[in-house]
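Chains as they are written, first to last, in my numbering: chain X, -13 to 371; chain L, 138 to 400.
Hints are supplied without guarantee of correctness; some may be wrong.
As the list claims (entries may be wrong) - Simulated restraints, written as ranges between beta carbons of each label pair:
(1) X/Glu(-7) / L/Gly229: 21 to 31 Å
(2) X/Glu255 / L/Ser245: 55 to 65 Å
(3) L/Ser350 / X/Glu273: 52 to 62 Å
(4) L/Arg391 / X/Glu255: 30 to 40 Å
(5) X/Arg(-4) / L/Lys360: 53 to 63 Å
(6) X/Ala272 / L/Glu396: 35 to 45 Å
(7) L/Gly229 / X/Asp(-10): 28 to 38 Å
What the hints assert, rightly or not - Derived DSS-like pairs: lysine-lysine, alpha-carbon spacing no greater than 27 Å straight-line:
(8) L/Lys169 / X/Lys7
(9) X/Lys92 / L/Lys155
(10) L/Lys155 / X/Lys287
(11) L/Lys218 / L/Lys333
(12) L/Lys169 / X/Lys287
(13) L/Lys155 / X/Lys7
It is worth saying that the hints were derived from the structure and are not from the lab.
Note that the structure is predicted; figures quoted are calculated from it, not measured.
No residue lacks a Cβ here, since even glycine has one placed at the ideal position from N, Cα and C.
Listed below, chain by chain, are the residues.
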Amino acid sequence: MQYDLTEEQRMLQNMVRRLAKEKVEPGAARRDVDGEFDWEMVELMRENGLYGIDFPEIYGGSGAGMLAMAITVEELSKVDAACGLLVADHELGSLPIMLAGNEEQKQRLLPRLATGEHLAAFALTEPAAGSDVAHLRCRAVKDGDFYILNGRKNFITNGGVADIITVYAVTDPEAKGHRNAAVFVVEKGTPGFSVGKKEDKLGIRWSDTVELIFEDCRVPAENLLGQEDEGFHIMMKTLNFSRLGVAAQAVGIAAGALEHAVAYAKERESFGTPIIRHQGVGFKLAEMTMRTEAARQLVYKTCALYEPLPKDMSRISPELIRMSAMSKCLSGDVAMWVTTEAVQVFGGYGYIKEFPVERMMRDAKITQIYEGTNEIMRLIIANTL
Amino acid sequence: MDVIVLLKQVPDTETKIKIDADGKSIDTSDIKWIVNPYDEYAVEAALRLQESDGAMVTILSMGPERAVEAIRTALAMGADKGVLVDDPATEGSDALGKAKVLAAALRSMDFDLVFCGHRAVDDDENQVGIMVAELTGIPHLGMAVSIEVADGKARIERPLEGAKVTLEATMPALVTFGGAHAVWNPRYASLPGIMKAKKKPLEQKTLADLGVSPDEVGAQAAKMQVTSMGLPKERQAGRVLEGDTDEKAKELTRLLHEEAKVI
Ligand SMILES: Cc1cc2nc3c(=O)[nH]c(=O)nc-3n(C[C@H](O)[C@H](O)[C@H](O)COP(=O)(O)OP(=O)(O)OC[C@H]3O[C@@H](n4cnc5c(N)ncnc54)[C@H](O)[C@@H]3O)c2cc1C
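The shape of chain X in the complex, shown without the other chains:
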């Protein structure tokens, strides 16, 4: 029986761990302060084939699967959560095409996404509605061979740097919430599409989070993914998969903070002994270790369950939907808790920027919010019981 990583997955883990230590960690603090998107990191992901992990081989990907993707995001996020997000968000933006694209669309779009030559983003959230998807307003109206998009999206990760954006827009305002929208592929440079305000954030500070503006934006009809009323289902299924990326990011943040906290607790002395020997600190670290490992196992297990699922619009079971929501919710909560405790273990030094745990605590917060808040995750979990 196999209940372990495969040889390839272990090699990938070793490789990314090393790459993260050597090439990502050294600039993490600076990038956090600057808050500027770093194309060098994009180049690093490209060079090492980390954008196409879960993409099918026939479209130029590695076909290595969800677990390999999660391992990669985790290892990158241990040292820099915004770098882990480069990979996770690329998967999120590309998933609608993998799941609902027709053969022509997949052949046209996926190969350049698989190599990372093109970057992807996913645009769902709007100023007026985030969790409440039924109240989204961005409109798409058919006009001959085009759809005319009007509206705004906000908080879109990679929105300003992506070449390909999968955009959720209402096609029939009269229809019910789960039958009223479609997902479109909007390519950078499409007339009527522009990038608005860039957000200044608490954490993942160098990740590109922007507003997207659509003003009579003419999207060719061949960029409609699936059917005009299929958007809700495409978006839901996309998020079921992509939440595992956020979950892995959260596990990575927790694991990174834990590593620093343990090392510090062995070095730092108070009252004549390393602080890890004070039971109050030792037990805290024990609890942090347990929760991090439990979250990791849930995420890995869920990824393994998602691995054999076909990348199409076939239905997935409530159990699998729940597993994904639980993975994201638990890991997000664990990341927030573990990083907060890590700051505590560091005492005053945890609160200043010379040490990375305060950044990790700020980075952790987003994992409880995006790709469905943890309240929404609990709703999903409860509704599938």
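Using the hints, position chain L with the ligand against chain X.
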């Protein structure tokens, strides 16, 4: 062009080393293994020749089954195939024993160049590469920080104190690699490389396959014995001298003379 890279699996430089109960070797039970960093430079150099000259790169390693992992890492970096000599009789070999096995393996292979690290970071003996060159009867270019191949010749540079020497040899030749991570910047095993690695040919050989008698290698044939191994002493706490400057200087001189015995 055929390039063979001799590659050794060694304990991770970040692993906490424990001495085995026998006092002569290290306890390998909880060790994480990596490719010897200097061999990694050799792999990188070979892969550059693969890119520029279409060289066929073969990895040759001697070691137990776990060394397959190190060969696979090099295959994932881009090497074409691998050979592992895995035979319990080789255990405990000294540098000469290892060189004999590797030289025997080379005899059945085609090559224009043999590459390896100038030393392995575990035993730090700096010997195997040179011995393999000697046993194979080919020239050895040592501690390269760059390599060029043209007109049947290999040319390397090696740093000297504040200067550089350029050496050239007719191929076939063996080159040992020096320098540092920043000099070679060896590539990572990319994900597409990792996915392909398992499909690349990896042959396993025993001493019998190579026509080497077990009597020539292993611990009993070793001309050099490790008699003991020890960890460095833990650093002692510093000492602060008391008194006025004159007294402190006197006391310091006395300590350096009598205790540290350095002056
Ligand atoms: C840095 C960053 C990056 C982002 N990246 C993207 C992206 O790439 N693409 C994209 O589309 N979006 C993105 N988002 C948006 C994000 O997904 C939303 O912010 C999130 O889904 C919450 O929506 P909201 O902000 O409108 O909050 P609201 O929906 O207004 O929620 C406010 C609060 O009410 C709670 N709440 C709402 N409804 C319920 C309910 N029924 N029961 C219980 N509690 C409820 C929520 O949990 C939350 O605590 C990003 C956000 C940030 C901050």
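Comparing the hints with the structure gives:
1. X/Glu(-7) / L/Gly229: 21 to 31 Å: holds (28 Å)
2. X/Glu255 / L/Ser245: 55 to 65 Å: holds (59 Å)
3. L/Ser350 / X/Glu273: 52 to 62 Å: holds (59 Å)
4. L/Arg391 / X/Glu255: 30 to 40 Å: holds (32 Å)
5. X/Arg(-4) / L/Lys360: 53 to 63 Å: Because 38 Å falls outside the window, the suggested range is violated.
6. X/Ala272 / L/Glu396: 35 to 45 Å: holds (44 Å)
7. L/Gly229 / X/Asp(-10): 28 to 38 Å: holds (32 Å)
8. L/Lys169 / X/Lys7: holds (16 Å)
9. X/Lys92 / L/Lys155: Given pair X/Lys92, L/Lys155 is violated - Cα atoms ~54 Å apart, limit 27 Å.
10. L/Lys155 / X/Lys287: Distance of about 35 Å is beyond 27 Å: violated.
11. L/Lys218 / L/Lys333: holds (11 Å)
12. L/Lys169 / X/Lys287: Holds, because 25 Å separates the two Cα atoms, which is no more than 27 Å.
13. L/Lys155 / X/Lys7: holds (25 Å)
In summary, the numbered hints that this structure violates are 5, 9, 10.
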